[in-house]
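Construct all of the structure, not just a fragment, from the sequences and the given hints.
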Amino acid sequence: MKLPKARELVEAIKALITGPYTSKFPYKPHVPYSSFRGQPKYDPDKCVGCLACEQVCPVEAIGHQDVTEGDEPKRIMFHYTDTCIFCGTCELACIADNQGIKLSNDWELSFFDRKAESFETIEKELQLCEMCGEVIACKDHLRWIVERIGELAFSSPTLYYSKLRELGVVDENIVSALRDSGRSDRFKILCARCRRETTLTTK
Amino acid sequence: MARSVIPIGPWHPLQEEPEFFSLTVDGETVVDIDVSIGYNHRGIEKLSERKSFDQSSFVIERICGICSTSHPFAYTRAVEDIIPVEVPDRAKYIRTIVAELERIHSHLLWFGLAGHFLGYNTVYHWVWKLREEILDVCEILTGNRNNYAIFKPGGVRRDFKPDDFPLVLKKIDGIIPTLNRLKKAVLDDPVLHARLKGIGILTKEEAIDYCALGPTSRASGVARDVRKDAPYGAYDRIDWDMIVTENGDVFDKVVVRVLEVYESIKIIKACIRDLPGGEIDLNIKDIPPGEGIGAHEAPRGETFHYVRSDGTNRPARHKVRAPTFMNLPTYKATVIGETISDATIILAAIDPCYCCTERMAVRDVKGKKMYGGQDLVRLSQEKTAKIKREMGIP
Amino acid sequence: MMTREEVLKDLKVRFKEDIVDLFDKSPKRVYVEIRPEAIVKVGTYIFKDLQARFNVASGVDARTHMEILYHFSLEYINLLISVRVKLDRKAPAIDSLATVFKGANWIEREMNELLGIKFRGHPDMRRLLLADEWPEGVYPLRADYREWDVNAVRDRGV
Chain A
1 MKLPKARELV EAIKALITGP YTSKFPYKPH VPYSSFRGQP KYDPDKCVGC
51 LACEQVCPVE AIGHQDVTEG DEPKRIMFHY TDTCIFCGTC ELACIADNQG
101 IKLSNDWELS FFDRKAESFE TIEKELQLCE MCGEVIACKD HLRWIVERIG
151 ELAFSSPTLY YSKLRELGVV DENIVSALRD SGRSDRFKIL CARCRRETTL
201 TTK
Chain B
1 MARSVIPIGP WHPLQEEPEF FSLTVDGETV VDIDVSIGYN HRGIEKLSER
51 KSFDQSSFVI ERICGICSTS HPFAYTRAVE DIIPVEVPDR AKYIRTIVAE
101 LERIHSHLLW FGLAGHFLGY NTVYHWVWKL REEILDVCEI LTGNRNNYAI
151 FKPGGVRRDF KPDDFPLVLK KIDGIIPTLN RLKKAVLDDP VLHARLKGIG
201 ILTKEEAIDY CALGPTSRAS GVARDVRKDA PYGAYDRIDW DMIVTENGDV
251 FDKVVVRVLE VYESIKIIKA CIRDLPGGEI DLNIKDIPPG EGIGAHEAPR
301 GETFHYVRSD GTNRPARHKV RAPTFMNLPT YKATVIGETI SDATIILAAI
351 DPCYCCTERM AVRDVKGKKM YGGQDLVRLS QEKTAKIKRE MGIP
Chain C
1 MMTREEVLKD LKVRFKEDIV DLFDKSPKRV YVEIRPEAIV KVGTYIFKDL
51 QARFNVASGV DARTHMEILY HFSLEYINLL ISVRVKLDRK APAIDSLATV
101 FKGANWIERE MNELLGIKFR GHPDMRRLLL ADEWPEGVYP LRADYREWDV
151 NAVRDRGV
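Protein chains in written order, with this note's numbering: chain A, 1 to 203; chain B, 1 to 394; chain C, 1 to 158.
Read the hints as simulated data drawn from the structure, not as lab findings. One thing to keep in mind: the hints can contain errors.
Unchecked claim - Here are the simulated distance ranges between beta carbons:
1. A:W107 with B:D241: 34 to 44 Å
2. B:L167 with C:R89: 50 to 60 Å
3. C:D124 with A:I17: 50 to 60 Å
Where is the CB? At the ideal position from N, CA and C, for every residue including glycine.
In structure tokens, the structure reads:
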């Protein structure tokens, strides 16, 4: 083999003509394929705040914080970008038709300030017990349950009152009219313990 | 003649994984070798007892970057063996496609590295350029080039869309002409024949005694392959051949790996053509108490997982055994008696993946003249240049 | 080349007083429990006469005792025989199989340092995985090893 054979020359000439195989990043942006698993992003309209994603995450990259003080109780969902492994289990476990948290195509995720930028948050409204202040669930989650179970929602006053409150059928007027006779408690959205107390005992 | 000990490692700049070989040499010939590995011990067996069965498949994926399919495949087969249950057909075909894609890209990676050790840097770059096409196929199908997150006890997590298949087939067919050229260039080259034939021979009896696996044993004439001996996935429904050669030297190991790439391409195309419809996941909820064993033919040999469950949703014991664990002790048989300049290519010939073996250690070194890792590779490349000069090839 | 039934019957007859239990789980998996004293006899027979391949040995810390399972593959009939021995948890010791076939050498070193099982007659018992500075007598894979829980650091907010 004194000279390179013709077959190697073919490859060399092809490489000369087409130029370098590497892309010109960062001068030209790199667009991955559409099925690339990138940064998970919350959708505030679809997410119901049920914490299913937090329970299945293999690396505990999702957390939450319930703010119960103040006028507007809310649940803040955190997704920690630096812990996430982009596996997609949160998307598969999401009960809102896999739309509450979805994996986008974002892959340029570096940041400078770890305390401030390493997570993403959304806020959901939280429903508290109107007697004792315990956390029941997010309002969207209760509405999601009512829509799914149809007429069985009437088995739990917490559920159907959430829906009726949203529709505007039950409001402060009805509640205040019955306040003196002690039956106003029955029209409130209560946690399980308070519900048992108002139904079974008389105070 | 004074004996000196040559260390290679632990930060061996060419092999990406840390290992420590101390070769005791007498002049130019190696008389003894000791392998200390274990720089990468991460305690994965204990960690997977803290995660549920579903979650621990993500930890298992990250045991090794190159064999990112083999470990989850064997693990999910072990968990399914506890019950025992068979996954749906579509899941089997999808798993087979991903496993064969990984086999192609791992063999191409090794091929490039072997070219570099011998001094053929052009082969190194060309083969890794080919490998990029395969990694693009992995990204189209599973969403990532490396850790696929597609195995789950009971099936697979994501489905393949038929719209992607034309592009996938185009990319796979696109590598075949270059692969043909490289195969002929390697197998006909007289320099390579002189360099690699008769070096690092592992005889058939030694391969059986050390329980060697994968291409290391198939190159020595021991026909072992989990895909043929205990078929699973779609391997028993597709027509493919097992490559076995007789001599057991480094040249045969190269030949086995190159020809296996062709077989893998054949399997992938057959699977895409015959992909059945149906469910992809059994939705297993509870794993009963019991034990299960799962095995898969990784690019380097047979991966073996043993899982014991006690009825909760976490494994009680998970034992991982990578193929390199059984192949590494064969160094005692192959390297002793060879020269130093051949040491690197023989050590690389079993395609060691130390991350899979999970070991760690530190050692002392005695001796006056010491070669580092760079020096040994330089010696290997110089030997090739010397052979070329002798044959009159520029 | 014996068939599967012949192999099992042969094992039962030949090691009649050593076999404690034989669990035939499925066509491809058989679990045999034997007394620890007979491991070299049974291991040699399965490796040499039945021409099986030694896969690996798994050491398990069941809370009341220690177990070792030796997995052998008979490829020609697609059968995997797992030989189980139960050992005392306070001072587990058993004869080594490394003199019979070299494939058992490294796995016995690993089980020795991670679980504390002694192998009598092993030619080269050194540390394989753990660092040289690791303290003696601390076996990480045992169920009562808790130091890594104590020292683990989580540096996150919520």
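Going down the list of hints, with the structure as the test:
no.: 1; hint: A:W107 with B:D241: 34 to 44 Å; verdict: holds (40 Å)
no.: 2; hint: B:L167 with C:R89: 50 to 60 Å; verdict: holds (57 Å)
no.: 3; hint: C:D124 with A:I17: 50 to 60 Å; verdict: holds (58 Å)
Hint check: no violations occur; every hint is consistent with the structure.
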